[in-house]
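Participant: Residue numbers (my numbering), protein chains in the order written: chain V, 9 to 523; chain G, 300 to 545.
Worth flagging that the hints you see were computed from the coordinates, not collected in a lab. Model, not experiment: these values are computed from the prediction. Built from N, CA and C at the ideal position, the CB exists for glycine as well. Please note: incorrect hints may appear among the correct ones.
[As the list claims (entries may be wrong)] Derived lysine-lysine pairs resembling DSBU-like cross-links, with alpha carbons at most 35 Å apart: (1) G/Lys-331 with V/Lys-60; (2) G/Lys-462 with G/Lys-490; (3) V/Lys-335 with V/Lys-418; (4) G/Lys-358 with V/Lys-175; (5) G/Lys-362 with V/Lys-175; (6) V/Lys-171 with G/Lys-510; (7) V/Lys-385 with V/Lys-445; (8) V/Lys-104 with G/Lys-331; (9) V/Lys-33 with G/Lys-331.
[Said to hold, decoys possible] One side of the interface only, derived from the structure: several residues of chain G facing chain V at Cβ under 10 Å: (10) Tyr-347; (11) Arg-348; (12) Ile-349; (13) Lys-352; (14) Ile-369; (15) Thr-372; (16) Leu-379; (17) Pro-381; (18) Arg-515.
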Amino acid sequence: MKETWSTSTLSEQIDLAVLLAGLSKHYALLEDDALVETLCYLDTFDWRLYDKGLLCRRQGRSYVLTDFSGEYLLQADGPTSDQPLFRDFEGAMNEKLAEVIGVRALLPLVEIVRRRQSFQIVNHDQKRVLSGLLEQDHLMQEGGSPIPLGGSLRVEGVRGYSKIMAKVTAILQRQGFEAGYSAERGLRSALAAMGRKPLDYCSQFSIRLDPTETIVQAAQKIFLQLLAGMERNIPGMIEDIDSEFLHDFRVALRRTRSLLGSLKKTVSGAEVESLQQELQKIGLVTGPVRDLDVYLLEESGYHAMLPEGLQEGLAVFFKGLRRQRVKEFRRLQKALQAKTFHQFLLRWRRYVEDLETSLLPSDLTTGHETCKKVAVKAIRKRLRAILKDGALIGPQSPDADLHSVRIQAKKLRYLLEFYRSLFPEPAMDSLVKSLKKLQDNLGSFNDLSVQQQMLARYQNGLADGEPKKAVLVAAALGGLITHLHEEQVNVRQKFDLAFAQFTTAENRKLFHSLV
Amino acid sequence: MKIIAIYSSKGGVGKTATAVNLAYGCARSGRKTLLCDMDPQGAAGYYYRIRPKESFNRKQFLKGDLEPFIRGTDYENLDLLPTHFSFRHLDIALDERGGAGNELKRIFACIEDEYEVLILDCPPNMTLLSEKIIMAADLVVTPVIPTTLSILSFAQLIKLTDKLEVNRKKLVAFFSMVDRRKNMHSDTIAKFGKKKMFLASEIPYLADVEKMGLYRQPVAVSVPSSAAATAYAQLWLEVWRRGALL
Ligand SMILES: Nc1ncnc2c1ncn2[C@@H]1O[C@H](COP(=O)(O)OP(=O)(O)OP(=O)(O)O)[C@@H](O)[C@H]1O
Ligand SMILES: [Mg+2]
Numbered sequence: 009m010k011e012t013w014s015t016s017t018l019s020e021q022i023d024l025a026v027l028l029a030g031l032s033k034h035y036a037l038l039e040d041d042a043l044v045e046t047l048c049y050l051d052t053f054d055w056r057l058y059d060k061g062l063l064c065r066r067q068g069r070s071y072v073l074t075d076f077s078g079e080y081l082l083q084a085d086g087p088t089s090d091q092p093l094f095r096d097f098e099g100a101m102n103e104k105l106a107e108v109i110g111v112r113a114l115l116p117l118v119e120i121v122r123r124r125q126s127f128q129i130v131n132h133d134q135k136r137v138l139s140g141l142l143e144q145d146h147l148m149q150e151g152g153s154p155i156p157l158g159g160s161l162r163v164e165g166v167r168g169y170s171k172i173m174a175k176v177t178a179i180l181q182r183q184g185f186e187a188g189y190s191a192e193r194g195l196r197s198a199l200a201a202m203g204r205k206p207l208d209y210c211s212q213f214s215i216r217l218d219p220t221e222t223i224v225q226a227a228q229k230i231f232l233q234l235l236a237g238m239e240r241n242i243p244g245m246i247e248d249i250d251s252e253f254l255h256d257f258r259v260a261l262r263r264t265r266s267l268l269g270s271l272k273k274t275v276s277g278a279e280v281e282s283l284q285q286e287l288q289k290i291g292l293v294t295g296p297v298r299d300l301d302v303y304l305l306e307e308s309g310y311h312a313m314l315p316e317g318l319q320e321g322l323a324v325f326f327k328g329l330r331r332q333r334v335k336e337f338r339r340l341q342k343a344l345q346a347k348t349f350h351q352f353l354l355r356w357r358r359y360v361e362d363l364e365t366s367l368l369p370s371d372l373t374t375g376h377e378t379c380k381k382v383a384v385k386a387i388r389k390r391l392r393a394i395l396k397d398g399a400l401i402g403p404q405s406p407d408a409d410l411h412s413v414r415i416q417a418k419k420l421r422y423l424l425e426f427y428r429s430l431f432p433e434p435a436m437d438s439l440v441k442s443l444k445k446l447q448d449n450l451g452s453f454n455d456l457s458v459q460q461q462m463l464a465r466y467q468n469g470l471a472d473g474e475p476k477k478a479v480l481v482a483a484a485l486g487g488l489i490t491h492l493h494e495e496q497v498n499v500r501q502k503f504d505l506a507f508a509q510f511t512t513a514e515n516r517k518l519f520h521s522l523v
Numbered sequence: 300m301k302i303i304a305i306y307s308s309k310g311g312v313g314k315t316a317t318a319v320n321l322a323y324g325c326a327r328s329g330r331k332t333l334l335c336d337m338d339p340q341g342a343a344g345y346y347y348r349i350r351p352k353e354s355f356n357r358k359q360f361l362k363g364d365l366e367p368f369i370r371g372t373d374y375e376n377l378d379l380l381p382t383h384f385s386f387r388h389l390d391i392a393l394d395e396r397g398g399a400g401n402e403l404k405r406i407f408a409c410i411e412d413e414y415e416v417l418i419l420d421c422p423p424n425m426t427l428l429s430e431k432i433i434m435a436a437d438l439v440v441t442p443v444i445p446t447t448l449s450i451l452s453f454a455q456l457i458k459l460t461d462k463l464e465v466n467r468k469k470l471v472a473f474f475s476m477v478d479r480r481k482n483m484h485s486d487t488i489a490k491f492g493k494k495k496m497f498l499a500s501e502i503p504y505l506a507d508v509e510k511m512g513l514y515r516q517p518v519a520v521s522v523p524s525s526a527a528a529t530a531y532a533q534l535w536l537e538v539w540r541r542g543a544l545l
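Isolated chain G, as found in the complex:
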């Protein structure tokens, strides 16, 4: 099972939009996929119209008792593990358990045989949980809005991976919510886009992505032949290829 984390310490950069649409693309390519919503806000679950079961909370998650709480989406090959309000203290709980290293890997071990790909929609912060995610993931995909500040926080992420002694190669970034009419966006892309860590695909700022909250479906379903659907399809292909190279 390949673990792909969609991560950024910054909020509102398009992580969830990316996780939701990449998970769909992955499942469409025939791979049994689990989208795991790690963010207690539960946006990913919301987009797939899935609420957590009442009996689910952080405890079961930490125990690795995930199976009974996984729910099927409306799409073939794609299941979702909803988040829970109690996930907001997940990092404290992880800290208390004091487990060094791959705590998350152990938790996800129980679903390893069933899913080919696990996609994590991560909350926006830089905590112990983030570190565990970065260590457990095979690929960390980071949406970067082409602004100076976003680049700065991406630089921070690189520093963190070095500190954790994690292979830098599993870090990939792409430009998110791109508006080419803005000079800042074009300039930033021109300056950093050539770097190896950046994928060639980018996700433009598009109303169809914004409207996902209305349709509660991946863009490939709600607006199948839109620019948004095409952009995410392309992004998925490139992410998967990167992952395969590792």
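The shape of chain V in the complex, shown without the other chains:
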């Protein structure tokens, strides 16, 4: 019902009286006192809000969620802590954030000083017939003077007084203000002033390769991008901001190892061997904390699996896990801050940068094959293996067989991600999609068996503890193991279906067309 009109302003100083000088004498401009406020935009490290078309800003304890146009979606009080998680909020904000940012923390992106000047236009009865708001933003930077960022001018009509609204917007348009204001543009210009831009980190791997590049050139590009990804996550891991830093780091590490492994025939030498070992060591060092995170993130899910009577034991169990995580994290932190770790990263970078020149004469022919050719070969090989091994799985097959199909599928997935850009997009998309479904099944099966083993190990170790508590915990863990086992049987039964869906005639045709 209310008419509004808004525009972005770029100039630094706007004088409303001058701007609206064209109004007739029947109207008067009343300016309120200007307010100056500091606000801070936040998003997760991987831009989960922005990615969903959302912006979050904080002013003191007040958090506001808007869409890109600046329209309020939610407002709630929250913590003043620098890196809040969804569970630091209540009510609708808690739910919305849980849905969008998941386990990630909100990090401050930019701090802006905003001057807000509200004003109104009144008629000869001193009746308000239009109201407006002029905002001017400045970027605060440490040590330096504030950088002007532009701002916005918004006017809002009053019901039944549309003439003046039309007059004012006409005046503004005549002076070159274009309709349309976007809060997203404001954020973008603030980020640009700091040399950043939205979506400058994404945990999903994506790279453009040229089919005529040699495999070594392609591998070098991929390695460097993975390394950059690892390095960007290290500060967040050391600070322990949220569990995803470590997770993303480990995924990049696994991808690196997988690619290096697949190049065995292309680049050889003792150096590769030793690098592989070092990369594996990093995997081992970062493993325990991640393993614990997986349980801790699922805590409420575990609680939901058990009846009231077993909750107490489970709570004790989780308390233990948390204590253990503190210990393990300290170890990890030390390892990440150690000189040797950074020296290794440097060594790895040098190796990758020199990859082409360090080819041995015997590697030259294979190293100079085009990446497309190598990709086709590698993908074909993995696909064949999965199709063959998967078809052999029957109800009696040992778990180890499923495990091996899972590893194959994972390796295939990495290959598809690395070489995605070399193939037609729609075909690749649908292949990745159906592979993902198969992997979900295999992954759940594996997770469930790892969890049962871990719980059983923990159960066995309980004998050393306080006997009364040990009984409680053992009962809870027993309950969990039973539940997980049932679920695993369930998942196992669904493998046939998942595999059949992966190997439909249609998909097979697709595989052939690709490789």
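Take the given structure of chain V and dock chain G with the ligands to it, following the hints.
Facilitator: For chain G with the ligands alone, coordinates are given in the frame of chain V:
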């Protein structure tokens, strides 16, 4: 949409002062409110500094074409439908149309979805229009100056509601322009104040209410912490509670 009519057949008893301040209180409580000025003198519009659009008159009103003529006040959640000079013959026009029953309800139907509460500032008389208002309203709020004559005209109103076969419970009265120093006022309140139809809240005779014509704002805006503002806030709460009980 709840319709609250501020009505009395007597003039100058504080209807408009009540309508203006209750509408503000209602909007402040977060309810989307429309104050409809039914009195061609246009006092309610005057207090909110709103004049009718030139194209508005009785015809549009009778057609139920209200939306284009509603205007926003300076306050959140509160709009006003101004009156028009031609409203002075509204009852004749209603009579000519001969519609039985809820003619007004039909007219206000078009704004039903937009407003939670409709407050009517009524002209001082007892005509066909008054009858339609009494029938259409969910609550009829009557300011009564504590004098014998005012009580008499209130008794008349009760009789009218009975004649119209309207539930007596939607009739509520309160003492208006009370001056406790006057014996007549205290005596009348003592005698009738206990009756169920009378609200406990009363509006004293206060200079701040008189000065509304000067400030052209509800008292809660012009003199926020005054006795007048408090009295109207309290009156609103009690009126709303009564309405909720129905
Ligand atoms: N509580 C009060 N104290 C002092 N003055 C008041 C009070 N209530 C109303 N008045 C004043 O008395 C006069 C009549 O009040 P108001 O216009 O509200 O009555 P009304 O019933 O609407 O009159 P009308 O019948 O003419 O429409 C106005 O000047 C008003 O300012
Ligand atoms: Mg009046």
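Participant: Each hint: holds or not?
Facilitator: A quick look at each hint next to the structure:
| no. | hint | result |
| --- | --- | --- |
| 1 | G/Lys-331 with V/Lys-60 | 33 Å, holds |
| 2 | G/Lys-462 with G/Lys-490 | 26 Å, holds |
| 3 | V/Lys-335 with V/Lys-418 | 31 Å, holds |
| 4 | G/Lys-358 with V/Lys-175 | 29 Å, holds |
| 5 | G/Lys-362 with V/Lys-175 | 31 Å, holds |
| 6 | V/Lys-171 with G/Lys-510 | 31 Å, holds |
| 7 | V/Lys-385 with V/Lys-445 | 23 Å, holds |
| 8 | V/Lys-104 with G/Lys-331 | 28 Å, holds |
| 9 | V/Lys-33 with G/Lys-331 | 33 Å, holds |
| 10 | Tyr-347 | 8 Å, holds |
| 11 | Arg-348 | 4 Å, holds |
| 12 | Ile-349 | 6 Å, holds |
| 13 | Lys-352 | 7 Å, holds |
| 14 | Ile-369 | 6 Å, holds |
| 15 | Thr-372 | 8 Å, holds |
| 16 | Leu-379 | 9 Å, holds |
| 17 | Pro-381 | 9 Å, holds |
| 18 | Arg-515 | 8 Å, holds |
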